[in-house]
Amino acid sequence: MKKLFNNTSMYQLNPSMVRQALGNCSMRCPTSCIHAVDHERIQQVTSGHSQKEYYSMNKITSVRPEPVEGQLEKLLKCLLFLGLILSVYMLTLQPVMAHGEKNLEPYVRMRTIQWYDVQWSQQKFNVNDEVSVTGKFHVAEDWPISVPKPDAAFLNISTPGPVLIRTERYLNGKPYMNSVALQPGGDYDFKVLLKGRLPGHYHIHPFFNLRDAGQVMGRGAWLDIAGNEADFTNNIQTINGEMVNMETYGLGNGIFFHSFWALLGTAWLLWWVRRPLFIARYRMLQAGLENELVTPLDRNIGKVILVGVPVLVFAFYTMTVNKYPKAIPLQTSLDQILPLSAKVNAGVVDVETLRAEYRIPERAMKLSLKIKNGSDKPIQLGEFATGSVRFLNKAVPVPEQSNAESVVAPEGLNLDNPAPIQPGEQRTVLMTAADALWESERLDGLINDADSRIGGLVFFFDPEGERYVSSITAAVIPKFN
Amino acid sequence: MSANSSTRTFRPYTGEKARIARAYDYLVLVLALFLFIGSFHLHFALTVGDWDFWVDWKDRQWWPAVTPIIGITFPAAVQAVLWTNFRLPLGATLCVACLSIGTWIARIFAYHYWNYFPINMVLPSTMLPSALVLDAVLMLSNSLTVTAIFGGSAFALLFYPSNWPIFGMFHVPVEAGNSQLTVADMFGFQYIRTGMPEYLRIIERGTLRTYGQVAAPLSAFFSALICTLMYTLWWYIGKWFATTRYLKRI
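Protein chains in written order, with the working numbering: chain A, 1 to 481; chain B, 1 to 250.
By construction, these hints were calculated from the structure, which means they are not laboratory data.
For glycine and all other residues, C-beta sits at the position ideal for the given N, C-alpha and C.
Do not take every clue at face value.
As the list claims (entries may be wrong) - Some chain B residues close to chain A (C-beta under 7 Å, calculated; not the full set): (1) Phe10; (2) Ala21; (3) Ala23; (4) Leu88; (5) Thr93; (6) Asn120; (7) Leu140; (8) Leu144; (9) His171; (10) Glu175; (11) Gly177; (12) Glu198; (13) Leu225; (14) Ala242; (15) Leu247.
Claimed, not checked - To list a few chain A residues with every Cβ distance to chain B over 10 Å, as calculated: (16) Ser132; (17) Glu141; (18) Asn209; (19) Trp222; (20) Asn240; (21) Glu362; (22) Ala450; (23) Arg453; (24) Asn481.
Chain A on its own, in the form it takes in the complex (with noise of 0.2 Å):
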């Protein structure tokens, strides 16, 4: 058989012979494939004739190998196959509903930018009109070791492109157009002014791009922008006066130096493209006739281009530094705004946490505190504010002031004392904050974390509706069984 194979292609074998050879074996594969036991068979059935001899008596000069039967079939259905599955996901295709929030560890989202009071103006406009979003934030006090300090934060929006243009933000009532550096135990209120630029249904999140750390998600609403596009404007004014308009500002002169260069450039590609190019030159080349590859003409148009194209450059530059002599370098800084007088841990009630334990399979977050009533009013804790979720507690109306989405247990919060805490009384308290959102919400992964630290806000009521919040903090004891 190796001799066979030695001596000439499986293309020059007859198909009968290989048949033959093979008999009633259904792999006839043309190739190496073929079982050794039917090497030996083939081997016999050449034996005793030379190859010459064998194809002369077989009148065979060459043939092809006959296609396998049946591998397009199974090539076709493979296809389908696949083209079923993708038509299928195609069609289940969903338009995206997150931001990626909760990809973001649990450490971050809980002890980091502890975000409340987020509140919309309003979630269905048109073109061109404005909308806010204001809120408030408490910069944990706890700040991960695992993430750098936020001495560069900005405030962001959350959108899918420029959908809405920003137009004004203000931190603690004062207007900032850069980044910002946050004082961890601070707190802020903001102020974000929008305006609708194209139609759409839109989620969308205020949130903080912390510098070297990630994005901090607040929570976010769906806004409705009805209109038309084609209506938008966008006009600001600069400080020589001169109305600006931001959609079109410079496009067209844009438009014009590009062109012209890429006219001057082309005519030069084309100055040489209209010759014979590679083959030709390199033969030429070769041959020594380099001088006929750059003519004198060519020359001269290198030596033009050499000093007219700094001297169109220069000019240009020229009429452009006149044109605005007012101009000025790009504008960077960091805005240093200071924290608001204390909202949060603000010296009436204070809350020590004592102890956390998460159990695993109550999905349950059991929390000791001991909580100093300072106020002249009994208070109840109404609300546990983490990451992106609220545990409401029921026997406590919590007046909803926001619009903004939030994902609430609405029952997930109780006491082991639900009894109000009276004015000068201090008290240990088991809060328990339960519900599946510690794992939909991906929260629990705080166990699997280095750092496995729990942060959020306590919100306290007395009987008028005053508001005491409170920053916590502790370790995280998991408790598997």
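Keeping the supplied structure of chain A fixed, place chain B upon it in accordance with the hints.
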């Protein structure tokens, strides 16, 4: 001697041979066009990146330093191939023209139609004047050394002034939020980029500016120095990757 003898015996292609050689030219040109549009654009987007994407990143320190240093790479390599083997002084212009085509396609379709940014916010810079001069220097000097030093320097030094006519008007001052900004900064503030917080911008960071309060010329000369080195490096990369062995068989 051999060159002289081959010159005497050289017979240019005529008829069918000439037509086939010309068809080959066009084939290579079309392939080169798509190759450089894709590869140079990708290279540029991954290295210069935001400095070329956004109008509010085009500062006077990093932008004129980074862009020519990266922008001279492919032109040098392609010049090495086209000039050494074919005496074609169009490598730089060809590359930069392809880059411009790719960039404009991306800005219009990816940034404007797909992500809704106004095109004026993502206007690309141009390096065509620099490329034309680089090609001219190579053709006139026929020298790697001269082209690297003078052409490379010119490539960098011409970049900022050739782009100022496009971007100068975006540096007009605006008062907003109790502070002074440029129109370009306002683009960055107003047109929301979720993944582009302001602090990510690298605007005049470092100590390069501390010479008579000028940043752009200093940056351009620094870029010119590096461009001479980058040109040489990429010239040899071009020579290393290119081959004409198939032509020798013709």
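(message) Hint by hint, where does the structure go against what was stated? Just the numbers, ascending.
(response) Failing hints, ascending: 3, 8, 13, 14, 18 and 20.
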